[in-house]
Amino acid sequence: MNKQTQAWFYLAPTLLFIFLLVLIPLVTGISYAFYDFDLISGTKEFVGFDQFIRLLGEDEIFTMSLVNTLFWTVSSLFFQFMLGFGLALILNSGFKGISIIQPVLFVPWAVPSFLIGLMWVWMFNPVTGPLPYLFEAIGIMDKAENLLSDPDHAMWGPITANVWFGIPFFTIMLLAALRSIPKEIYEAAEMDGVSGLQAFRYITVPLIAPTILITLLIRAIWIANFAEIIIVMTNGGPANSTQIVATYIYDTAYQKMDFGYASVISIALLFLLMIYGFTLGRIRQKMTTYI
Amino acid sequence: MIRAATIFVFLVLGFALTQALSDKDHDPDNLLIVEVNTSPERTGLLRRQLDDFEEANPGVKVDVISLSWGQAFEKLSMMIAGGQYPDVIEMPDFWLARYVSAGQIADMTPFLTQADFDDDLEADTFDYGSIRERVYTIPYGYYLRAMIYNKKLFAQAGIEKPPLTMDEFYQTAAKLSELPGVSGYCHHGGRGGAVFYYWIMTTMNGSDRFFDDDGNSTFYNDGAVRGLTLIRDIYKNGYAPQDSLNWGLNETVSGFYSGTCAMLHQTPDALTSLSKRMDDADYASSPMPLGPGGKSFPHLGYIGWSVLEGSEKKEMAFKLVRHLLNRENNHQWAQRSGLVPIYRGISDDIFRGDDIRAGWLQTTQDDRWSYLINPNYLSDIAEFDSITVVQTGQAMMLGEKTPEETAKMWADFLSASQKRWMAENE
Amino acid sequence: MKNVKYPFIIGFLVFTLFPVFWMLKISLTPDRLLFSEGIVAWPSRITFDHYYAVLVEGSFPDYFMNSFIVSFTTAALVTIIAALAGYALSRFQFKGKLAIMTILLVTQMFPIVMVIAPIYNVLTFINLVDSLTGLILVYTAFNLPFACFLMQSFFDGAPVELEEAAMMDGCTRLQALEKITLPLCLPGIGATLGFVFTAAWSELLFALMFINRQSQMTFPAGIMNFVTKFSVDWGQMAAAMILALIPVCIFFSYIQRFIVQGLTAGALKG
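Chains as they are written, first to last, in my numbering: chain H, 1 to 291; chain S, 1 to 426; chain C, 1 to 270.
Do not take every clue at face value.
Unchecked claim - When the alpha-carbon atoms are kept at most 25 Å apart in a straight line, the in silico DSS-like pairs for lysine-lysine are as follows:
1. S:Lys61 with S:Lys419
2. C:Lys179 with H:Lys286
3. H:Lys256 with S:Lys419
4. S:Lys419 with S:Lys236
5. H:Lys3 with C:Lys179
6. C:Lys95 with H:Lys3
Stated by the list, open to error - Quick list of the computed label-pair ranges, beta carbon to beta carbon:
7. S:Asn216 with C:Met65: 58 to 64 Å
8. C:Arg257 with H:Pro182: 16 to 22 Å
9. C:Tyr52 with S:Leu179: 55 to 61 Å
10. S:Thr6 with H:Tyr133: 55 to 61 Å
Since the hints were made in silico from the structure, they are not lab data. Just so it is clear, CB atoms sit at the ideal spot from N, CA and C, and this is done for glycine as well.
So that you can see chain H by itself, here it is in the shape it has in the complex (with noise of 0.2 Å):
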């Protein structure tokens, strides 16, 4: 067997799974962007760009949300990949009691996000939760109030769940990166007499770089298309300011039965994300080549 016979051989399983189960559906659903289309009675009428045309025309839903679906991935993002790297390097670094304190760690990532989003809600309500009291005692709030519902600080409400429930995921990963890097290049560092921050710049950061950037895309796509947990926390409220892309074609798929329309805005995002990919892939490149 030579060597390209090979890899698809090792790539068959993958292939047969997502090509049944993922492309075939994600055909359809692409699809409809050129139907006028009802899931209830069937009936499909082909429309061309039509739908495109409306929504770069007239839809002033969609570029509020499409802000808000930038404020809301790249503040969500931010927070939980500086936190949940930071909780990486102090596990690698280990601890009494870490063996404990570990798996309690990552609970956060087996809730489901409409418990998360029911939970915080708790959390967030003047009559249930604590937090309007702590915002008012330091000073951020006049008044213990509820955020979800001031439009102007709202998705500060979602974000802090998601950031709750999201940072495990950063840390588990780059920890397991961390812990693939053979110890023996750090002692060789230091007979060579580099320090510790000039370690981890030049060898643990390139080292997991490849972890880094991978998380970094693949997490962005997911939050970008996050819609669970603003749906239950907001519902896109108040008055739309926390309606991110994600929750709109929800609302117009399943509230309007417009599957043609939210497939349009589906495929909106999709194109606005494969150039986040491919730009983030383009640094990955650089990168593996530098090393």
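Position chains S and C against the provided structure of chain H, taking the given hints into account.
Relative to the frame of chain H, chains S and C by itself:
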């Protein structure tokens, strides 16, 4: 390690294959009924009534699928799109037009008539479930709105009786809000809240009509704008909780029993969850406040049973609908869910006797109250209620839009939709 | 570093555990006290009724069992299949590699709500709607792309030279993979297992859409039964959630050995 892993993969795939080849779906000879407004207690009652049906019809079996309310719409449309047709489904009023216009609901007119039920049936029952004079669903009960109020908080604020007029409603809300940590009114600003706006707008208009004869919305009228201004002021002045802007059904109810707010605009089935958490002596109900014309139009919603066009056992399905709606079953059903039943005689039995249900009893018996029925025949009404009204209503409460602008925006949408419908049914 | 370490860890523990603690409190509070006591750190009276209701009266033991079967099978299946694919992507240069990686990535970019209906049709076609097996296959397919990337990045991190040396010594490629490279990648395998297990454990949307029968429900779908039109049974829901965290903690305590000690174990065997 690799060998064990390979064996594992093949085992799982082999099992999947045997599953795929085996026929394990629900027995196609059985009837399939789907309930959407599910609660564990009610599912038990439904099962018992189905058991009776099975007993009365030897050889017939009925399977139940219970969907949870929040996702029922998505799930049901998915099943139908996937070609999995139940025989009987529970049909809320605001879905009806959608399913009927999609051609999925069987026309019951030839099979079920008022004569199949006794004379005591609420006169409009068949009308409510009809579109273009064909019967597509028969309601099993009415979700009528009244005002539930917290007696304890009323006493603390020194208020003796619930508000009878709109002015009193505003003043009562204001007075209650003077209590520390209490707001007067439990506003339902999130999904599902549209019918409150419709009540206040029509009641201030003094007419239960949504449209004039030419198809123009009555929301253009001054009364409608005054109604919206009233509720906007209640919120703006802090007579409703600040976060009620986003509240859904659940939050309004929990807001009420937690004592956060003291007046709740609700249907009688909410009482079941209140009774679990409050003492019966602490709350009561009254009819919705009257408008300037001395009349009020509380919203009446309904959920019924429909038979799907795709069902292959329609005869038996119609028989099942009739069984579920017979007097005795409807009595148990309405009692269990706390609904206004479809038989007038039973209504008295369910609502007479205590303060808690007094509001509904009076609403059903006093001429000053008549029912507001949503234009459920408009196929885009569900989406308008659950998205547009919620989003623009929130914007109005926050002061981003005036009540005038909001009323006009809603009126424009509804008029256009009504005129389209009139043109189609010329 | 030492000085900031402990305050940092404590901060994390508080941030992570406080909401969980709040749920624990709700699960132990009698229904009538839930809203009437205001914001207190602990209710004046506690009850185990909710736990009793969840464990004895409800179907939760079944739901947990279903969830465990689905999550465990999915995790194992995905890790095995993704290890093969990740290995191929890391070690071979071949035509179409970039295309495959792009496709894997693009599958993640399209919102899941848009593909539910088509997947439902595929499942109907292969007669696996309303069955745990169908759910396992769907979860496997949707977790594979990321798991492949992950495994690829871990194989990238494991030196090729050792493997090549083993092959020079007469090992076949598979033997070299098993003896040399896989042990080096144990942390990655552990992370993938843990990641997929929890993803499947907490997944709601597919479970809700593809499962109809009570007897086949997983725990997140079962927990939706507590949300009715008018009220949420907070106490029981919180109790179910707390109980659901226990198996995950156990699973992670087991998995973490791979993540933490993977390299040393590998070095010993090699």
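Hint-by-hint comparison with the structure:
1. S:Lys61 with S:Lys419: This hinted pair is violated, its Cα atoms lying about 46 Å apart.
2. C:Lys179 with H:Lys286: violated (32 Å)
3. H:Lys256 with S:Lys419: Satisfied, since the Cα-Cα distance of roughly 20 Å is no more than 25 Å.
4. S:Lys419 with S:Lys236: With Cα atoms ~35 Å apart, Lys419 (chain S) and Lys236 (chain S) exceed 25 Å; violated.
5. H:Lys3 with C:Lys179: holds (20 Å)
6. C:Lys95 with H:Lys3: Cα-Cα ~11 Å, so holds.
7. S:Asn216 with C:Met65: 58 to 64 Å: At roughly 60 Å between Cβ atoms, Met65 (chain C) and Asn216 (chain S) fall inside 58 to 64 Å, so the hint holds.
8. C:Arg257 with H:Pro182: 16 to 22 Å: holds (19 Å)
9. C:Tyr52 with S:Leu179: 55 to 61 Å: 37 Å Cβ-Cβ, so the 55 to 61 Å window is violated.
10. S:Thr6 with H:Tyr133: 55 to 61 Å: holds (57 Å)
Checked against the numbered hints above, the structure breaks hints 1, 2, 4, 9 and satisfies the rest.
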